[in-house]
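J.: Chains as they are written, first to last, in the working numbering: chain A, 1 to 240; chain B, 1 to 240.
Fair warning: there could be bad hints in the mix.
Since copy identity is lost for identical chains, a pair holds within one copy or between any two.
In silico DSS-like cross-links for lysine-lysine, where the CA-CA straight-line distance does not exceed 27 Å [said to hold, decoys possible]:
hint	residue 1	residue 2
1	K82	K183
2	K201	K49
3	K43	K146
4	K56	K34
5	K102	K56
Since the hints were made in silico from the structure, they are not lab data.
2 protein chains.
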Amino acid sequence: MASSKEEVTLLGASASPFVCRAKIALNLKGVEYKFVEENLRNKSDLLLKSNPVYKKVPVLLHNEKPISESLVIVEYIDETWKNNPILPSQPYQRALARFWSKFIDDKVVGAAWKSVFTVDEKEREKNVAEVYEVLQFLENELKDQKFFGGEEVGLVDVAGVYIAFWIPMLQEIAGLELLSSEKFPKLYKWSQEFVNHPVVKESLPPRDPIHLCETQFLRKIVWSVECGLLGSYRSQVEGS
Amino acid sequence: MASSKEEVTLLGASASPFVCRAKIALNLKGVEYKFVEENLRNKSDLLLKSNPVYKKVPVLLHNEKPISESLVIVEYIDETWKNNPILPSQPYQRALARFWSKFIDDKVVGAAWKSVFTVDEKEREKNVAEVYEVLQFLENELKDQKFFGGEEVGLVDVAGVYIAFWIPMLQEIAGLELLSSEKFPKLYKWSQEFVNHPVVKESLPPRDPIHLCETQFLRKIVWSVECGLLGSYRSQVEGS
């Protein structure tokens with residue numbers, strides 16, 4: 001168990017769903033920490049020194065010891081501060097939690113990206129179908145639980161912040177329907193419960209699709225605008 | 001702790017480095033298990049039912065409960081059978097072990113593949129340089145330890161079976177030098193220690209580059225032969 005004298009710093013970028021995972025985990029535990037907003041176009045020496053392999057956020061510094069990779073960070077937080085467990089206690093349930101959180105990274109994140117940033121209509125339909133396929137697995141896995149972690153937010157929920165908060169913005173920008181209440185009633189309901197969970201809510205950045213996407217994915221967005229992909233969204237925003 | 005009455009079955013393919021990870025972990029713990037060799041071109045109903053998401057080996061069945069994804073399986077084994085720990089006990093060391101084993105999957109496996117199966121000379125040089133870059137990180141991380149786990153085999157070593165046993169075969173087939181004693185003296189020494197560790201040794205398939213690669217990667221090998229990539233190797237083998 002960590003003592004109260006510890007220094008906890010999170011190097012991050014507010015727009016990043018991966019950074020948000022670390023924030024949620026720290027907030028679930030009630031850990032006091034300092035958040036350092038990184039300029040990803042001009043990364044700090046501390047970031048480059050702390051994560052020389054990937055040079056990416058998030059990096060958690062605990063008494064100056066750096067930890068990288070969001071899911072590794074979440075497990076570290078869970079093992080260091082024992083209150084409000086994020087992973088289940090039983091090995092089999094822990095394995096399932098690791099499996100599904102890895103699934104979100106390996107399958108959902110990439111598929112959602114592709115579907116949003118593909119211009120070719122046929123290719124896009126194929127990519128959207130892939131998103132449906134992977135989300136269906138999660139719809140089935142959720143069963144009738146409030147959260148993937150059961151009554152409380154767990155590892156898969158934390159990993160899934162990308163689905164609950166970022167996918168709705170991406171689909172809004174691109175004019176797609178990915179996570180709808182008709183197609184995925186359980187997952188949609190979960191996403192609402194999750195983003196409205198008090199600890200999650202305080203961990204999320206303000207909901208601002210263009211800003212959040214611009215900050216992190218500027219080049220792709222610019223390219224999409226050039227391709228006319230964002231036309232419908234832009235006209236709505238400018239008209240309001 | 002598991003009782004002695006349990007049923008442990010590993011669905012696998014001997015040629016797979018990912019299956020080998022699960023074997024090493026089970027053997028380190030001294031767990032008795034049944035190994036079922038899957039025909040990957042005609043997968044069993046049990047495999048398809050047990051891993052409906054990826055339909056891949058390895059799958060560990062523990063009292064009929066299925067667990068997929070090799071690193072998830074290794075952690076499950078470590079948490080279920082407590083003797084001969086594979087992960088360290090301290091959260092920070094555990095985080096590092098998870099970070100580096102994920103690094104092997106995310107960076108080393110893909111880079112080695114690309115370098116072996118690229119025909120274009122310039123592209124290949126670039127890919128080989130990428131392998132050197134990622135292996136250098138591991139060379140540095142190893143420091144002067146016998147294993148990544150210290151005196152005993154740990155998670156990163158188990159994940160690294162791909163580097164210690166498969167990469168030397170891949171480089172032999174392709175006539176490349178990836179893991180050499182000159183370039184990576186510590187990592188090379190580690191690879192020798194590791195494959196000669198008694199438990200690891202009994203977990204490895206017979207060293208047979210063409211067979212091991214053919215079984216798992218038939219199409220790429222065939223394509224490489226067609227491109228003349230395997231010419232030098234073939235002539236050596238046929239001449240012996």
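J.: Give a verdict on every hint.
T.: Status of the hints after comparison with the structure:
With identical chains, the CA atoms of K82 and K183 are never at most 27 Å apart, being 37 Å at best within one copy and 43 Å at best between copies. Taking the shortest alpha-carbon separations for K201 and K49, neither the intra-copy value of 31 Å nor the inter-copy value of 38 Å comes in at or below 27 Å. Taking identical chains as interchangeable, the C-alpha atoms of K43 and K146 are never at most 27 Å apart, the minima being 39 Å within one chain and 35 Å between chains. In this assembly of identical chains, the alpha carbons of K56 and K34 lie at most 27 Å apart only when taken from the same copy (18 Å versus 42 Å across copies).
Taking CA atoms no more than 27 Å apart as the test, K102 paired with K56 passes in both settings, with 18 Å inside one copy and 15 Å between copies.
Figure legend: structure checked against the earlier numbered hints; hints not met, in rising order: 1, 2 and 3.
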